[in-house]
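Student: Starting from the given sequences, assemble the full structure and let the hints guide the process.
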Amino acid sequence: MTTEVRIDAKKNCRGVGCPMNLVHAKVGLAALEPGQVLEIILDHGPPVNNVPASVEQEGHTVLDRRRLDDGSWSVLVRKAAGMRPHRPPRT
Amino acid sequence: MTPFSQQQLERYSRHILLQDVGVEGQIRLCGARVLIVGAGGLGAPAALYLAAAGVGTVGIVDNDHVDISNLQRQIIHFTKDIGVAKVESAAEKMQAINPGIRVRTHPAFLCADNIREIIRDYDFVIDGADNFPTKFLVNDACVMEGIPFSHGGILRFDGQTMTIVPGKSACYRCTFRTPPPADAVPTCSQAGVLGAIAGMLGTIQAAEALKFITGAGELLTNALLTFDARTMHFRRIPLRPQDDCPVCGAAPTITALEDMEQSACSLT
Ligand SMILES: [Zn+2]
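Chain order of the listed sequences is A and B.
For the first sequence, the numbering used here assigns the number 4 to the initial residue and increments by one for each residue that follows.
For the second sequence, the numbering used here assigns the number -9 to the initial residue and increments by one for each residue that follows.
Derived from the structure by calculation, the hints contain no laboratory data.
Built from N, CA and C at the ideal position, the CB exists for glycine as well.
Hints may be right or wrong, so weigh each one.
[Said to hold, decoys possible] With beta-carbon atoms standing in for the labels, derived distance ranges: (1) A/Ser77 x B/Ala98: 56 to 64 Å; (2) A/Gly62 x B/Ala181: 47 to 55 Å; (3) A/His47 x B/Phe147: 24 to 32 Å; (4) B/Gly239 x A/Pro49: 54 to 62 Å; (5) B/Ala186 x A/Asn52: 39 to 47 Å; (6) A/Glu59 x B/Pro228: 55 to 63 Å; (7) A/Gly62 x B/Arg230: 34 to 42 Å; (8) A/His47 x B/Leu61: 46 to 54 Å; (9) B/Gln(-2) x A/Asn52: 24 to 32 Å; (10) A/Pro49 x B/Arg167: 55 to 63 Å; (11) A/Glu7 x B/Arg225: 58 to 66 Å; (12) A/Glu59 x B/Gly239: 46 to 54 Å; (13) A/Asp73 x B/Gly90: 32 to 40 Å.
Tutor: See below:
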């Protein structure tokens, strides 16, 4: 049973292999506030086997993973607390 | 949402994947300004890696032209560049690696009159100078301007480096008070240097610059790292800021920059 989770942003990584799918996931997460949720669409196989574990290793929480009709996966990731959205570069 | 194009994401993907760098670290790199003093043995690998890393502005100061005797270790210069200004030769390779960065060339000899004005435009300085007066000048100017920098030196099989964050860590003068007397150090052409150790040391300096900009890890501050490539022994000597340091101590005696007499040089 999954309760309804509000999705704040989406990254469609269908057809995107490792490790660029993780790069896109990190870009998506970097733009969020802590606690917000990113939905990542990942291919079956290595992508869904690797990316969720990698984002968890960085402190984020995988809330749910769900097989979609086309065989790909929807993975919901909540951004870790204490991680600010990216700051503008120092000048 | 992201400031990076698809191509940039791929170019910098190996940085973005690092947890300690990430998207934010790469954004900082792309906005950072680093000055490299000397397009020689140390400056050559440092310049290539900073360009490859996407450091937004890389400045390079050097007043020399490429000589055939440089090519054994100064890997940014090619045989076709003999006779070309080193800053131009270096800039060409850096832009070839990464057309997305800005290279600023300073074809000048750093001296007391121009150094503060030049370094002021940068967030971090890499000292790859080939002579002691310039190394002391870089230290003093960076301390006065509050600009962090990496000191580096190589000779024969030996290398040494330390990172200085003014106001926070020991400076070069805390450890080495004055340049050695001219006759105590062999001249460039007499001493020789194993080419690859320029790469060993210059890339450590580049890594320190990248760490400073991204905030990753811990800098090589309050420590002098030395190596002897004959045995490949590395040693890390702890240092402390010295209260009586003539430039960063409690009562500094060096408050203005002065050109020192050109003594012998270490080889870069
Ligand atoms: Zn000092």
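Student: Could you say whether the range 39 to 47 Å given as a hint is met by the Cβ separation of B/Ala186 and A/Asn52?
Tutor: holds, 40 Å
Student: When you take the CB atoms of B/Gln(-2) and A/Asn52, is the distance between them in 24 to 32 Å?
Tutor: holds, 27 Å
Student: May I ask you to test the hint 58 to 66 Å on the CB atoms belonging to A/Glu7 and B/Arg225?
Tutor: holds, 60 Å
Student: Given the hint of 46 to 54 Å, check if A/His47 and B/Leu61 actually sit that far apart at their C-beta atoms.
Tutor: For B/Leu61 against A/His47, whose Cβ atoms are near 52 Å apart, the range 46 to 54 Å holds.
Student: For the pair A/His47 and B/Phe147, does the Cβ-Cβ distance stay inside 24 to 32 Å?
Tutor: At roughly 54 Å between Cβ atoms, B/Phe147 and A/His47 fall outside 24 to 32 Å, so the hint is violated.
Student: Has the hinted range 47 to 55 Å been met by the Cβ atoms of A/Gly62 and B/Ala181?
Tutor: Taking Cβ atoms as reference, A/Gly62 and B/Ala181 lie about 50 Å apart, which means the hint holds.
Student: Can you let me know if the beta-carbon spacing of A/Gly62 and B/Arg230 is within 34 to 42 Å?
Tutor: The hint (34 to 42 Å, Cβ to Cβ) holds, given that A/Gly62 and B/Arg230 are roughly 35 Å apart.
Student: When you take the CB atoms of A/Ser77 and B/Ala98, is the distance between them in 56 to 64 Å?
Tutor: Check passed, 58 Å falls within 56 to 64 Å.
Student: Lying within 54 to 62 Å: is that true of the beta-carbon distance B/Gly239 to A/Pro49?
Tutor: Between B/Gly239 and A/Pro49, where Cβ atoms are some 57 Å apart, the hint holds.
Student: Looking only at beta-carbon atoms, does the pair A/Asp73, B/Gly90 fall within the given range of 32 to 40 Å?
Tutor: holds, 36 Å
Student: Can you tell me whether the CB distance of A/Glu59 to B/Gly239 sits inside 46 to 54 Å?
Tutor: With a Cβ separation near 49 Å, A/Glu59 and B/Gly239 satisfy 46 to 54 Å, so the hint holds.
Student: In this structure, is the beta-carbon distance linking A/Glu59 and B/Pro228 contained in 55 to 63 Å?
Tutor: violated, 38 Å
In summary, the structure is inconsistent with hints 3, 6 from the numbered list given earlier, while agreeing with the others.
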